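S.K.: Protein chains in written order, with our numbering: chain H, 1 to 291; chain Y, 1 to 249.
Treat the hints with caution; some may be incorrect.
Stated by the list, open to error - List of simulated lysine to any residue pairs, SDA-like, C-alpha gap at most 20 angstroms: (1) Y/Lys17 / H/Glu264; (2) H/Lys138 / H/Glu26; (3) H/Lys119 / Y/Arg225; (4) H/Lys46 / Y/Asp159; (5) Y/Lys240 / H/Ala50; (6) Y/Lys240 / H/Lys138; (7) Y/Lys50 / Y/Asp167; (8) Y/Lys240 / H/Thr106; (9) H/Lys234 / Y/Gln227; (10) Y/Lys194 / Y/Glu24; (11) Y/Lys226 / H/Thr256; (12) Y/Lys150 / H/Ala50; (13) H/Lys46 / H/Arg147; (14) H/Lys269 / Y/Lys17; (15) H/Lys230 / H/Pro219; (16) H/Lys119 / H/Glu139; (17) Y/Lys150 / H/Tyr281; (18) H/Lys269 / Y/Lys226; (19) H/Lys192 / H/Arg216; (20) Y/Lys240 / H/Thr256; (21) Y/Lys17 / H/Asp273; (22) H/Lys269 / Y/Glu217; (23) Y/Lys240 / H/Leu193; (24) H/Lys200 / H/Glu163; (25) H/Lys200 / H/Ile288; (26) H/Lys119 / Y/Pro25; (27) Y/Lys50 / Y/Asp148; (28) Y/Lys150 / Y/Leu168; (29) H/Lys119 / Y/Glu24; (30) H/Lys269 / Y/Val237; (31) H/Lys230 / Y/Arg79; (32) H/Lys87 / Y/Lys17; (33) H/Lys255 / H/Ala134; (34) Y/Lys70 / Y/Ile189; (35) H/Lys119 / Y/Glu217; (36) H/Lys234 / H/Asn202; (37) H/Lys234 / Y/Arg225; (38) H/Lys119 / Y/Asn218.
Since the hints were made in silico from the structure, they are not lab data. These figures come from a predicted structure and were not determined experimentally.
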Amino acid sequence: MKALVFAEKADHLNRISSKLKELGFEVHALSFAEVNADFLYLAGPKYDYASITAAIDMLSNEIRPDLVVFSSTKLGKEVSSRFAQRKNMTCITECLDLQLGDSSITVSRYSLGGKTVTKIRTHLPAVVALVADAIESKEQSFQMNVREFQIPDSPQIRTVSREEKRREAVGLKEADVIVVVGRGLRKEEDLKLVKELAKKLNAEIGCTRPLSHDYRWLPEERMIGLSGEKVSPKLLISIGVSGQIQHAVGIMNSKTVIAINTDENAPMKEHSDYFIVGDLYEILPELIKNL
Amino acid sequence: MKIAVCVKEIYNLEQVKIVRETREPILDVPKKLDDLSRNALEEAIKIREKLGGEIVAISAGSPELRKTIKEALAMGADRAAIVTDFTESSPESAALVLSRILEKDSYDLILLGDASSDDYSGQMASRVAETLNLPQITFVSEIREVSDGKITCVRDMDDYIEVVESDLPCVVSVTNEINEPRIPALKDILKASKKPVENFSLQDLGIEISRSYEIVENLAPAVDRKQEVIEGEAAEVAGKIAEIIGREV
Ligand SMILES: Cc1cc2nc3c(=O)[nH]c(=O)nc-3n(C[C@H](O)[C@H](O)[C@H](O)COP(=O)(O)OP(=O)(O)OC[C@H]3O[C@@H](n4cnc5c(N)ncnc54)[C@H](O)[C@@H]3O)c2cc1C
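Extracted from the complex, chain Y is given alone in its bound form (with noise of 0.2 angstroms):
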């Protein structure tokens, strides 16, 4: 089984700080491999232990993914096809920049997750499906089985649960519940930096980017928390809160 699996790095968000006078956000911070992406990693692996094969970790992104892209090879991928000149991020270049990677090979399961934990905007399945002329499955919250040539997965959908089967190949973009993405350990962290990476530019893979739409303004919306903390006992603590409670409603 050659499976492909697109990952996204994204900022660490956690470290993303708020300009307080403007609301603007300070970019200024690492970048981290999605989780959403490490969930579809795993599933990838779980496959693997199963029918053998290989995992190729496929992505578009800064400079820096040339580091980031170590967190999929050290979790288990076998190696990596990247392009790290890709800073526009509409999920119309995304999705023709991984479908440009994704062709100069042939899969029989190419995996993402359902959205990237930034963006929340769940299109590339779709996109690079389409794009590929393959059929889809999205919002998988179980991969049931996958034999040579089928796969049957469970789709977790907004009101109703559904399982489906397709012939493969086929895209498939699970949810953040499918699994638990495991850490990877130091031995594998070290094993990472050996593993091939093959690191396109846009102009090897022909691609001009455009960008299709304008981004008026990115603020982070004016709620100020006055964050007092309160510390004590426990019967003390909740005195405080009852009057809080009493105050405010």
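Extracted from the complex, chain H is given alone in its bound form (with noise of 0.2 angstroms):
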């Protein structure tokens, strides 16, 4: 069996290598870093999807694969399904774990918003993008042949800036006690209650996606949910959330959930062991205090 695999970045390539690895494929890989495979292709970077899908189209067709891998990132979900269109095949993006059945795969992957998991089989060939992050892999030994690959330039559309963004390293993933705040804030100055009840908690600050995409209060790293971070602190304490579902799927595996919320029938108190009605502006002050 042989799996195809590309991701923009080094680690999430290693990651999923060594999974495909575990599950007994070949893996050939396309990448702009040295990376473990079988048969590494090592190319240039290029981050248009037009000669990223011809240069995937190239090897598959050189490969023969049984399984083309992708990272579920924006790149990867935009590549990743141009070339299944192509090559008129199934994809399944978001993938969660891979199961390796019999000339079949099974994947998990989180539906209506992420109320649910569901369960997904397709028979091979096939394409999925998987969340680099959830997939669980022991390390591998591969047989490391590296060939220089040139991806072919065939751009559909024209470049005319790329700026990195700037990132911040974040430990919500590790972190033991998580403080989540949303538009129950009214203004980024605000921020200093939940800074101060974080500090006095060692807790990470986390939160939902409008703080850090729509007002830019707290960078994207923090945003927890389904396009986001999914955490399992021992505590997490969610201040000013609603609870709608693309966000509550991100605090599942939370052991305790504290909220605090005005909205006595926020969806948030079915995500809560212990939901508080009222205000953070009232209570947080009050809670600083008492800790």
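Once you've looked at the hints, go ahead and assemble the two chains, each given alone in its own frame, into the complex.
M.R.: Below you can see the structure in the form of structure tokens.
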């Protein structure tokens, strides 16, 4: 069994390669950096979907893989589905795991915005995009045949500029205590209240999508949910968060959840062990005093 | 400017309940127009306000779509072209149906959401663009400029922001943050029922749907929260929270 893998990030590629090797695949990887693979096609970086799709198409015609695998990043989803459509194949994105059956694979992914987890079985050959962070695998040994590869330069759109986002190292995944803040917070300055609480508890701060992506009060790395981080702290304190499913799915694996919300009917209630009906502006100062 | 907006009807997820014993979802709830579809539609309306033209809402769904599509017409689509006997919802079959409807006309711009809030699969822009042999610009957080024959967009990717341009026609998928979709006024809702809706069947389009994968199970994770409600004076409540925190960490 052969797998062809592409990911623009080396750490994603290594994780996915190990998983595929563990399942018994011969791993062929298209990469911009030295990564683990049985056959490594080392190429200069390119970020346009058309050129990468063309490259994967060329390699897959040569290798005839049983499975074509991408990292489920935005670029990965874009390219995997364009490639799958070209080949008239199934593509399943946002996969949280991968199991190999008899000429078939089974994957899990969230459905209904995160309300449920769906297990999907499809026959090979197939295309999947895996959430690299969710994939668990042990270190493997590889053949490490390296070949230089030229990605054909065939963009269909013109790139005017590209700017790297500033990234902050955030320890949400490892945190024992997380304080999550949502749109119940009225203004950016009020974050100091949340920061004060987090400091007392030695907690990491997380947030809902509007705070990071609309208001830009907190960096994107702190956003929790379907399109953000999935966390599993011992204690999570959720403040001014409505608890819509696309957010709540990210906190499912917390051991204990305390929520503070003015609305007694907020959906957050069903995702909480302790649901405090009240105003964060009255409760937080008192709570900070109490700790 | 002739703009197609591909929109999706989804279950009203807030109303989907889970059977406690089996963890199965109860899908006997009304459908609605997806949030991301509204973002795409809003962007189309803004372009029409500037450049004039026509907006056609395109969709494939259940018979209920005849009702749901009115939400798109009320928001501002001029007309709709829909398939209402589409119950299999794999990305590849949806892309096939949407592409067949799109092929019936010629569009300068095809807009859609970068994913839907239910499946969050994010394949439709790529699949439709590939089928129609068009360029695509995905994950667009801002449309900077549209003119005759050209579009310039800002893309919000995982680790970078990109400004790209493409010739038209082009497929563009937008993020949830690109705009704040308008809420139709009562008069718009009333007007919507008079707007033309072309309703095709899969057979009209010459499409036979085959299933390429099998759903083995679809269950809610087994998390049972205590859901203990605490109310009272701030100071008293804060004391209780501190107590719980003390127990848990
Ligand atoms: C495809 C898709 C993917 C998404 N992915 C994510 C994701 O990964 N993560 C995410 O977070 N969201 C995501 N969203 C958005 C999500 O659906 C919600 O819109 C978002 O989580 C709501 O954020 P919020 O709870 O902060 O805001 P709101 O829904 O506005 O809730 C604010 C809450 O604060 C309460 N409140 C107000 N004032 C006070 C006060 N003084 N004290 C206490 N409480 C108060 C209100 O009662 C309300 O419940 C996604 C959406 C889509 C369509």
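S.K.: With reference to the structure, classify each hint as holding or not holding.
M.R.: Do the hints match the structure? See the list:
1. Y/Lys17 / H/Glu264: Distance ~18 angstroms between lysine 17 of chain Y and glutamate 264 of chain H Cα, so the pair holds.
2. H/Lys138 / H/Glu26: 16 angstroms, holds
3. H/Lys119 / Y/Arg225: Judged against 20 angstroms, a Cα distance of about 24 angstroms means the pair is violated.
4. H/Lys46 / Y/Asp159: 14 angstroms, holds
5. Y/Lys240 / H/Ala50: 57 angstroms, violated
6. Y/Lys240 / H/Lys138: Measuring from Cα to Cα gives roughly 43 angstroms; hence the hint is violated.
7. Y/Lys50 / Y/Asp167: 19 angstroms, holds
8. Y/Lys240 / H/Thr106: Not OK: lysine 240 of chain Y and threonine 106 of chain H at ~45 angstroms, beyond 20 angstroms, violated.
9. H/Lys234 / Y/Gln227: Holds - the C-alpha atoms of glutamine 227 of chain Y and lysine 234 of chain H are around 17 angstroms apart, at most 20 angstroms.
10. Y/Lys194 / Y/Glu24: 39 angstroms, violated
11. Y/Lys226 / H/Thr256: Cα-Cα ~9 angstroms, so holds.
12. Y/Lys150 / H/Ala50: OK: lysine 150 of chain Y and alanine 50 of chain H at ~18 angstroms, within 20 angstroms.
13. H/Lys46 / H/Arg147: Cα-Cα ~17 angstroms, so holds.
14. H/Lys269 / Y/Lys17: Given that 20 angstroms is the threshold and the Cα spacing comes to 14 angstroms, the pair holds.
15. H/Lys230 / H/Pro219: 16 angstroms, holds
16. H/Lys119 / H/Glu139: Not satisfied, since the Cα-Cα distance of roughly 26 angstroms exceeds 20 angstroms.
17. Y/Lys150 / H/Tyr281: Since the Cα atoms of lysine 150 of chain Y and tyrosine 281 of chain H sit roughly 49 angstroms apart, the hinted pair is violated (cutoff 20 angstroms).
18. H/Lys269 / Y/Lys226: Holds - the C-alpha atoms of lysine 226 of chain Y and lysine 269 of chain H are around 9 angstroms apart, at most 20 angstroms.
19. H/Lys192 / H/Arg216: 15 angstroms, holds
20. Y/Lys240 / H/Thr256: 15 angstroms, holds
21. Y/Lys17 / H/Asp273: 18 angstroms, holds
22. H/Lys269 / Y/Glu217: Distance of about 27 angstroms is beyond 20 angstroms: violated.
23. Y/Lys240 / H/Leu193: Holds, at roughly 19 angstroms.
24. H/Lys200 / H/Glu163: 36 angstroms, violated
25. H/Lys200 / H/Ile288: Holds: lysine 200 of chain H and isoleucine 288 of chain H sit about 7 angstroms apart, inside 20 angstroms.
26. H/Lys119 / Y/Pro25: At roughly 14 angstroms apart (the allowed maximum being 20 angstroms), proline 25 of chain Y and lysine 119 of chain H satisfy the hint.
27. Y/Lys50 / Y/Asp148: 12 angstroms, holds
28. Y/Lys150 / Y/Leu168: 5 angstroms, holds
29. H/Lys119 / Y/Glu24: The hint holds at about 13 angstroms.
30. H/Lys269 / Y/Val237: 16 angstroms, holds
31. H/Lys230 / Y/Arg79: Not OK: lysine 230 of chain H and arginine 79 of chain Y at ~40 angstroms, beyond 20 angstroms, violated.
32. H/Lys87 / Y/Lys17: Cα-Cα ~38 angstroms, so violated.
33. H/Lys255 / H/Ala134: Given pair lysine 255 of chain H, alanine 134 of chain H holds - Cα atoms ~18 angstroms apart, limit 20 angstroms.
34. Y/Lys70 / Y/Ile189: Holds. Lysine 70 of chain Y to isoleucine 189 of chain Y sits at ~8 angstroms (cutoff 20 angstroms).
35. H/Lys119 / Y/Glu217: 5 angstroms, holds
36. H/Lys234 / H/Asn202: 13 angstroms, holds
37. H/Lys234 / Y/Arg225: 14 angstroms, holds
38. H/Lys119 / Y/Asn218: 6 angstroms, holds
The structure does not agree with the numbered hints 3, 5, 6, 8, 10, 16, 17, 22, 24, 31, 32 stated previously, though it agrees with the rest.
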